[in-house]
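For reference, the chains in residue letters:
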Amino acid sequence: MSSGFVGDLTIFVLALLVGFEVISKVPATLHTPLMSGANSIHGVVLVGVVLLSAFVTGPLGYILLFIAAAFGAANVVGGYLVTDRMLGMFRRRPLPRPAEERTSRD
Amino acid sequence: MTDGVDTAVRLASLGGAVCFVLGLHLMNSPATARRGNQVSAFGMAVALAAVFVEVAHGGTMSAARWLVLLAGILVGSAAGLYSARAVPMTSMPQLVSLFNAVGGGAAALIAIADYDHDPRISAGTATATVLDVLIGGITFSGSLLAAAKLQGYWSGSISPPGGRLISAALFLVAIGSGIAVIAGAQSLPILLIAVIAALGLGVFMVLPIGGADMPVVISLLNAFTGTAVAMAGFVLQNATLTIAGALVGASGGILTKLMADAMNRSVVNIVAGGFGTGAVGIETGPGAGAAVRPVAVDDVALQLAYAQKVIIVPGYGLAAAQAQHEVRDLAALLESRGVDVSYAIHPVAGRMPGHMNVLLAEADVPYDQLKEMDDVNPEFDRTDVALVIGANDVTNPAARRPGNAVSGMPILDVDHARSIIVIKRSMASGYAGIDNELYTDPKTSMFFSDAKKGLADLVAATKTLVA
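One line per chain: the protein sequences are A and B, in this order.
All you need for this note's numbering is the position in the first sequence, starting with 1, plus 81.
All you need for this note's numbering is the position in the second sequence, starting with 1, plus 33.
It is worth saying that the hints were derived from the structure and are not from the lab.
Careful, some of the hints might be misleading.
Stated by the list, open to error - Incomplete in silico selection of chain B near chain A, CB under 10 Å:
| id | residue |
| --- | --- |
| 1 | Gly49 |
| 2 | Ala111 |
| 3 | Leu128 |
| 4 | Asp147 |
| 5 | Thr160 |
| 6 | Ser284 |
As the list claims (entries may be wrong) - Only pairs whose alpha carbons sit at most 30 Å apart, straight line, appear in this in silico BS3-like list of lysine-lysine:
| id | chain 1 | residue 1 | chain 2 | residue 2 |
| --- | --- | --- | --- | --- |
| 7 | B | Lys496 | B | Lys342 |
| 8 | B | Lys496 | B | Lys485 |
| 9 | A | Lys106 | B | Lys404 |
| 10 | B | Lys290 | A | Lys106 |
| 11 | B | Lys485 | B | Lys404 |
| 12 | B | Lys496 | B | Lys476 |
Backbone N, C-alpha and C fix where the C-beta goes; we use that ideal spot for every residue, glycine too.
Using the sequences and the accompanying hints, generate a full structural model.
Below, the structure is given as structure tokens:
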């Protein structure tokens with residue numbers, strides 16, 4: 082069991098380092114979508130809830146399962162949709178004319 | 034046969050985790066960010082499909098379990114769908130806080146339900162269980178309170194009498210019951226005591242924190258949520274949860290550090306409730322204190338219209354006045370006259386990291402006009418007019434000197450512009466509670482007006498005067 086714990090810890094620490102590496106490159110302009118996107122990712126807790134559903138018992142277990150499932154699903158669905166909506170608002174300045182001509186010829 | 038399914042499920046989970054990392058990687062440019070979010074969502078769909086196959090093959094799913102699970106997912110999805118569609122961008126910080134709350138809450142519930150199912154767990158799993166319920170509990174109550182504060186049910190800070198003492202007591206209870214669970218108490222009530230203590234701690238952590246410190250608090254709670262989810266991964270021995278939780282923890286951690294640096298304060302200092310917590314700007318009328326130079330709308334319009342380079346410095350006051358569209362109109366009008374217009378965005382201009390960029394993007398401001406502090410600061414020397422709207426402390430040159438409330442805070446070098454125009458309702462001070470020396474600079478003109486109305490008047494005046 083303890084070797085399982087160390088294995089999980091290894092994965093955790095390495096993922097943390099990957100996260101630092103990848104995320105430190107995100108520009109300040111995108112920090113809100115980044116946080117909202119990260120927010121959606123922790124909706125992965127729903128995976129845990131599904132695993133949990135395979136062995137819950139008793140009224141308390143079912144109540145916890147229902148609430149956790151609702152929380153997790155709201156997190157996943159809401160998080161990804163609102164991030165997408167937000168990123169849809171980020172638009173570039175209309176291209177200057179010469180560039181437009183070039184692209185239309187291609 | 035079952036082994037084949039098991040391997041396929043594990044590989045799919047790995048694929049999901051890879052998609053999360055790739056999705057975050059694509060977030061490093063506005064051009065690819067939307068695709069990044071879609072890649073991440075695809076990864077989530079794969080991970081979820083895999084886990085559904087896994088439990089369906091496990092053979093322990095009863096009709097009742099399916100029903101409860103799917104009913105919960107249905108209710109939650111509907112709530113998520115509605116909130117994602119309905120929320121205005123000004124309320125993004127609240128929504129992110131709510132998602133932090135449900136994410137952290139669900140992570141804590143997983144640990145509780147797992148412990149309720151079978152408390153005979155190893156010390157390693159027990160440690161993860163305790164950390165999960167403590168961090169998840171703090172995140173849940175703290176984020177709900179943060180969302181309520183952001184929604185404006187009340188703002189500013191509240192320091193209840195004996196707050197620190199109660200926090201210390203709750204902390205001891207949380208640690209004590211946590212150690213008992215790790216030592217093998219095998220008692221659900223003891224774990225629940227830890228949960229209750231954590232919920233209390235979350236409340237007392239966020240209560241004393243004031244409005245302008247919110248970017249730090251949200252980032253910190255985001256990091257907490259990620260960590261709680263990772264701990265749930267430890268409890269269930271599921272690598273997908275651990276990896277995803279760690280990624281979110283890293284993201285929240287980085288943003289917390291960036292926000293704290295942008296205010297030149299330590300995270301500990303903010304959570305402990307440092308300066309500004311009680312500093313509500315004293316409303317003195319225009320012209321109070323040192324001499325300022327008020328200007329009329331026509332003068333401002335002429336200055337802007339005949340400038341070559343204008344930098345707009347928006348602060349949260351702009352968003353509070355809902356004036357994003359007016360500022361966009363003004364910028365478009367100036368650009369049509371050949372003026373070079375850009376926006377200087379301070380990292381804490383808003384209620385969460387990068388908030389101002391989203392608000393301006395919503396008002397159709399192209400993102401290549403939005404410039405970060407370090408990139409735009411050298412440009413102020415070449416700027417004819419800096420137009421400050423609803424920003425205060427982040428423009429105060431006093432920050433360059435030691436010995437005052439904003440000392441050492443990174444600021445926008447607005448005072449380097451040839452001329453400065455500040456749109457402001459009154460001479461009230463900002464969050465730090467000190468006077469802004471920019472306003473008394475001889476190059477500065479004060480245009481006293483509400484941001485929305487002032488900008489609309491400016492557009493009208495520019496059109497009549499120079500069109």
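Results of checking the hints against the structure:
no., hint, verdict
1, Gly49, "holds, 8 Å"
2, Ala111, "holds, 8 Å"
3, Leu128, "holds, 6 Å"
4, Asp147, "holds, 7 Å"
5, Thr160, "holds, 8 Å"
6, Ser284, "holds, 4 Å"
7, B:Lys496 x B:Lys342, "holds, 19 Å"
8, B:Lys496 x B:Lys485, "holds, 17 Å"
9, A:Lys106 x B:Lys404, "holds, 16 Å"
10, B:Lys290 x A:Lys106, "holds, 14 Å"
11, B:Lys485 x B:Lys404, "holds, 22 Å"
12, B:Lys496 x B:Lys476, "holds, 25 Å"
In the structure shown, no violation is registered for any of the earlier numbered hints.
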